[in-house]
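K.L.:
Now for the letters of each chain:
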Amino acid sequence: MHGRPRKAYKPEEEAASAAKAAKLRGLQSQFMANHHNKIYTKEAVDLSTKLLEINPEAYTAWNYRKLAVEDKLSRIESDPDLVKTILDEELRVVESALKQNFKSYGAWHHRKWVLSKGHSSVGNELRLLDQFQKLDTRNFHAWNYRRFVVELTKRSEQDELEYTDDMIGSDFSNYSAWHNRSVLLSSLLARKADGFLPNKKIPDEYKLVQNAIFTDEDDQSGWFYHLWLLDQTVNVETPLLTSSWPSHGSRISLYAGCSNGSFSKLTTFGSESGSFPLVLYFDQAVGGVSSSTVTIDSELKGNEDLVWEPVSKKNSQVSCVWVARLKYISSEPCFGKEYKVKVRVGNSPGIVSSRGFNFSASYEFVFTAHVHDTVEESSQEGIVSWTDGFDIWDAESKDLNALATLDRSNAQMDSKWRQEAIAEEIDLFRELPDSKIGKLTLARLLMAKAMISDDAVKGVHYNEILELYKDLMALDSSHYQYYKDEHSVALLRKVTSSTEDLSGHLFRCRNMNNSVCLRLNNLSLSRIASVEKLLFVQMLDLSHNELHSTEGLEAMQLLSCLNLSRNRIRSFSALDSLRHLKQLRVLDVSHNHIGEHSVDTTRYLCSSPLSNSEWPQDEVGSQMPSLATKYWDAYFVLRDLNLKQLDITGNVIAGDEFSSFVLQVVPKLVWLDGKKLEI
Amino acid sequence: MEDLPSMTVSQRDQFLVLNDVFRIYSDFDASDIATQIFTVEIQRDKQLDYLMNGLRHLGPSFSSLDANRPWICYWILHSIALLGESVDDELENNTIDFLGRCQGSDGGYGGGPGQLAHLATSYAAVNTLVTLGGDKALSSINRCFLRRMKDPDGGFRVHDMGEMDVRACYLAISIASILNILDDELTQGLGDYILSCQTYEGGIGGEPGSEAHAGNTYCGLATMALITEVDRLNLDSLMNWIVHQQGVERGFQGRTNKLVDGCYTFWQAAPCVLLQRLYSAHDLVLQGSLHMSQPRDEDHEEHAHDEDDPESDDDDSDEDSNEGLLLTFSYHLQLNLVALFEDCRRVQPVFDSLNLQRYVILCSMVPEGGFRDKPGRPRDFYHTCYCLSGLSVAQHAWSKDKDTPPLNSDILGSYANHLEQVHLLHNVVMDRYNKAIEFFHRAV
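So the protein lines, in turn, are chains L and U.
Under UniProt numbering, the first sequence is numbered contiguously, ending at residue 679.
Under UniProt numbering, the second sequence is numbered contiguously, ending at residue 444.
Derived by calculation from the structure, the hints in this document are not laboratory data.
Quick caveat: nothing in here was measured; it's all calculated off a predicted structure.
Any given hint might turn out to be false.
[Said to hold, decoys possible] A few chain L residues that face chain U, going by a derived Cβ cut-off under 10 Å, partial list only:
#: 1; residue: Ala21
#: 2; residue: Arg25
#: 3; residue: Asn63
#: 4; residue: His109
#: 5; residue: His119
#: 6; residue: His141
#: 7; residue: Asp171
#: 8; residue: Phe224
#: 9; residue: Tyr339
#: 10; residue: Gln481
#: 11; residue: Gln664
#: 12; residue: Lys675
#: 13; residue: Leu677
[To be verified] Derived CB-CB ranges, DEER-like:
#: 14; chain 1: U; residue 1: Asp29; chain 2: L; residue 2: Arg355; range: 46 to 56 Å
#: 15; chain 1: U; residue 1: Arg377; chain 2: L; residue 2: Gly459; range: 49 to 59 Å
#: 16; chain 1: L; residue 1: Thr41; chain 2: U; residue 2: Ser140; range: 35 to 45 Å
Glycine included, C-beta positions come from ideal geometry on N, C-alpha and C.
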């Protein structure tokens with residue numbers, strides 16, 4: 001798309017260029033006649049050469065030449081010398097066209113086409129590339145072509161790596177060379193080439209890039225390469241199971257119906273459907289979770305062919321979070337008993353990350369389910385309060401460990417070199433105290449370090465990270481929101497990093513079956529993170545934050561009460577992820593910004609979805625079409641929730657009209673804005 | 001690596017550009033208010049003169065663009081549309097006729113009459129005709145062609161036997177979605193191909209293995225949005241990459257450690273705004289309508305009544321949702337603390353919008369008309385188009401919906417600088433897009 005004139009013409013040159021243009025027009029029309037009449041004589045082909053040497057972007061002429069070459073090749077009886085002559089001529093034309101404009105897509109592509117016919121030698125091509133890459137070291141056409149040649153001729157990647165050494169040595173600002181280095185190294189490391197073990201090679205690369213960064217800390221190239229190195233240091237390609245609910249060794253208590261059990265240290269769980277969610281949380285999005293890749297061994301009947309569903313926003317078949325519903329009330333009554341449930345993840349191959357890596361370390365966990373026979377009359381018709389009836393968590397008790405264990409990202413076999421590399425980098429970057437990018441890199445390094453260090457020192461790291469992002473917010477206001485989001489992530493990591501930290505935020509709700517309540521209110525959070533450690537939470541208080549969306553909460557399958565009061569939710573669409581929460585009964589979104597603006601859909605891609613085919617048949621839609629049109633975004637979220645209590649006051653959208661709409665969409669609602677509904 | 005030279009070529013070039021840019025900024029800051037006001041004003045008359053002249057007569061220096069003539073039409077006519085103007089009937093008819101002659105017998109537009117159909121020039125031609133609007137322009141488009149360009153690997157080739165890259169994918173999908181002919185066959189395997197081009201930096205390269213590049217990042221992101229697979233990209237790292245491409249000059253660069261260039265104002269700012277909206281995108285509409293469902297006639301009749309209905313405020317494009325490209329965006333609330341005290345409803349763009357506008361107007365704008373890459377370079381229509389498009393994106397980065405035009409404070413200079421809003425995924429002016437969409441839904 002950068003096809004623009006390469007230079008401006010001065011008035012005195014205009015006469016000459018006008019003549020040139022006239023000549024080009026003549027060539028052009030003759031060429032078109034030849035092309036349309038399929039004339040491939042020598043004169044005709046030479047004419048296309050002239051045209052391309054003046055205007056290499058005449059892509060029709062490149063295609064014409066391909067046809068001409070095919071035509072000639074079909075006439076000669078595979079005489080190798082003749083073939084060579086024909087193809088050499090093509091290479092020559094490309095070369096002179098590239099000298100006219102070395103950014104011509106068509107010319108480079110034509111050369112690839114010739115090479116794909118098995119012509120030319122590596123030596124030739126590399127010589128040509130050297131010329132162009134010296135003229136413009138960042139020319140991406142040349143770099144792409146270089147990678148093409150290397151792949152086609154099976155030139156060794158080690159040799160290419162040396163070429164990047166040279167390019168970086170002569171100009172360390174050449175990011176294209178750094179980039180190619182990352183591509184080559186990824187490949188060499190992935191296939192464990194001789195001398196390319198990560199624990200040896202990555203530390204060397206840090207030293208190389210340090211030279212560039214510390215020579216001029218304002219030069220971007222080194223920083224981005226550094227970012228790649230950090231990624232290589234921290235990330236493991238094979239997907240891992242990060243956490244699960246129920247977790248290994250835990251005991252859960254199951255009731256029939258929404259009963260009001262006596263105090264228990266167990267997680268108590270009741271549902272009308274007689275099933276409970278089994279949640280798997282992977283460190284990256286995976287596909288292929290099914291009843292054959294994950295097997296369940298338990299006496300709970302009727303769970304032989306579990307249906308696993310990805311918890312993802314779109315109809316995507318990959319997700320970090322997978323859920324299946326285990327039945328505990330089947331046709332045979334099985335009350336008053338304890339059942340051991342053994343889950344084996346990766347029982348047979350098939351779980352694959354979205355980048356194509358297999359889940360290989362199969363993992364087994366066991367939990368105990370206690371099924372109670374108390375089918376008491378539900379008391380949950382009462383209003384749920386976020387202020388009264390909470391007991392402080394007993395920090396001494398061990399039950400938190402049982403709720404949230406399993407932090408398997410530590411369990412890497414060769415983590416020692418990773419830790420050392422990160423520790424060295426941290427020491428180094430502390431010497432660049434005044435640079436923004438230095439601070440940001442330090443924050444990222446510390447985040448990586450905190451992830452793989454012992455609980456005891458994690459908190460110290462997180463405190464430092466939080467300070468760094470605070471500094472950055474003050475120093476670099478144009479990227480404020482980015483730092484703010486990272487700050488929220490670090491804060492949530494800190495809160496969830498140890499049982500001590502977490503227990504300060506945990507409560508038991510007496511009126512709600514002693515449900516586990518987590519309070520993360522008033523933390524100025526703008527983004528949700530660390531959900532994988534919070535799968536056991538049943539009540540979540542996120543009030544008085546700066547959240548604009550509930551994205552991330554969809555993993556918390558046990559969540560039954562959620563307080564989002566006084567955040568920055570702007571529309572019901574921002575609550576969309578809640579539709580995955582089948583247990584959610586209580587939702588407080590009071591004092592947000594819902595309804596201040598109509599949801600913008602008309603301007604981007606599509607309008608309101610009301611003209612969907614499903615809509616006219618829909619009951620609510622047909623009963624009150626005008627309200628449904630007006631509140632369609634609320635409709636699409638609320639109809640999938642099974643709410644009993646909703647608080648919406650303090651939003652522009654709230655009012656009598658909206659209330660009557662809500663009652664239609666959520667017929668089971670008992671409490672609206674703190675008032676009991678007359679049924 | 002022991003004896004690194006004190007300054008590399010890139011650093012010297014960068015130093016020189018910075019010098020130019022900062023001198024312009026400091027001259028501006030030192031001048032009196034009246035001069036400042038005059039300097040930041042987009043002189044519409046001058047701009048229109050430059051553009052109209054270009055449309056009527058191109059100098060010989062444009063012969064290298066001989067294979068790109070529909071692009072010249074698009075760059076110029078879209079720029080004119082952004083300035084809120086239209087061309088006269090004669091020019092409009094000439095353009096439609098000319099593009100008609102560029103169109104091949106089995107669809108697709110070439111770079112000029114008789115030339116091979118090419119995706120890039122087809123995109124330019126379609127966007128030009130959409131910009132011109134009207135039945136004559138829109139009905140002149142032959143809607144076959146795209147399928148032939150589809151490669152079994154999932155991507156698209158720019159022409160028969162041509163190269164395959166992310167750019168080609170975007171061109172094809174943008175055309176298909178405007179013309180309402182996007183279907184499963186075209187999107188098959190496409191998402192996988194685009195994914196393979198996202199680099200560790202976060203941006204998207206032209207082909208697998210290439211380094212991230214602004215133009216391809218825009219193309220890749222817009223394609224994924226149009227085929228509703230945008231969630232498959234690593235959006236966090238994409239956001240991270242883009243926001244760090246706005247440098248101290250306040251303009252955007254196109255690749256890591258390259259020089260600033262006015263045209264990236266569009267290629268980088270548009271993905272920024274898209275990403276902000278995507279962060280709270282959801283799949284409401286996807287259920288039940290993931291695949292193309294064609295609008296039924298009844299819908300349109302019902303729809304006609306809606307226009308009198310004051311309750312229905314987004315009636316003008318209800319049809320859109322019948323299309324395959326159903327993604328609903330809502331706005332991401334990205335308020336910073338300062339904005340909170342001013343006005344709670346305003347969304348802070350993730351890039352520095354006002355200073356971006358400052359770069360474009362002070363450093364890229366040529367007072368006699370036209371825009372350029374950077375100080376010291378000549379103006380051209382390509383840069384004029386993408387500087388103006390980017391300026392429009394920056395001006396509208398805050399505003400929420402069609403009824404909320406940008407505030408005075410969103411626009412650098414007086415409100416006279418206000419440009420028409422563009423559709424972020426196609427880069428045509430929004431109301432022209434809406435009219436075209438309506439037309440092509442009727443055309444089914």
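K.L.:
Which hints, by number, does the structure contradict?
P.N.:
5, 9, 11, 12 and 13
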